[in-house]
Amino acid sequence: MSAQLQILAEVALAMVLGAALGLERELAGKPAGLRTHMLIAGAAALLVGLTDVLVARFATTEGSRVDPIRVIEATVAAVGFLGAGTILRRPAAERVEGLTTAASLLLAAALGICVALRQFLLAGGVVILTLATLRILGSVEDWFSRRGKR
1 MSAQLQILAE
11 VALAMVLGAA
21 LGLERELAGK
31 PAGLRTHMLI
41 AGAAALLVGL
51 TDVLVARFAT
61 TEGSRVDPIR
71 VIEATVAAVG
81 FLGAGTILRR
91 PAAERVEGLT
101 TAASLLLAAA
111 LGICVALRQF
121 LLAGGVVILT
131 LATLRILGSV
141 EDWFSRRGKR
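At position 118 of the sequence shown the residue is numbered 118 (the numbering used here), and the sequence of numbers has no breaks.
It should be emphasised that the hints constitute simulated quantities derived from the structure, not laboratory data.
Any given hint could be a false lead.
Said to hold, decoys possible - Computed Cβ-Cβ distance ranges for the label pairs, DEER-style:
id	residue 1	residue 2	range
1	G29	F81	47 to 53 Å
2	A12	R147	42 to 48 Å
3	M1	V55	16 to 22 Å
4	G138	A59	29 to 35 Å
5	A92	I128	33 to 39 Å
6	R90	L8	37 to 43 Å
7	P91	G138	44 to 50 Å
8	L82	V16	19 to 25 Å
9	L23	F81	21 to 27 Å
10	Q119	G29	14 to 20 Å
We put the CB at the ideal spot given by N, CA and C, even for glycine.
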């Protein structure tokens with residue numbers, strides 16, 4: 001029971017941290033916002049948390065092989081699929097949109113994995129770096145874009 005509560009707490013923390021990224025995307029009017037980032041971060045934390053359960057259950061079975069890395073690979077593949085859905089090509093405007101949102105979804109999944117592996121300081125630092133990247137560098141990109149159109 002305590003292992004389940006530990007995993008639940010990790011999922012909750014991952015969702016809170018994912019919410020920080022999602023809120024920024026929401027405020028920027030992007031297609032994958034608050035709830036999407038929360039759910040992806042929470043799902044990643046849950047999947048990695050369940051890996052601990054799988055290892056404990058099946059590692060003692062003779063002849064069984066448990067590879068926790070496969071859970072991370074599957075999570076990244078699934079998020080890649082979701083991220084691809086946020087990328088739009090606009091031929092008339094000759095531009096591609098949604099790449100940053102797709103990247104932030106991948107980072108939300110990695111954030112969930114980080115929390116599930118109990119790397120809390122690292123997770124908090126990653127959120128700060130990511131928000132700075134999305135907000136501050138987004139403003140820098142806008143400045144360069146406006147300057148280039150003159």
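(request) Just pull the numbers of the violated hints for me, sorted ascending. (result) 1, 4, 7 and 10
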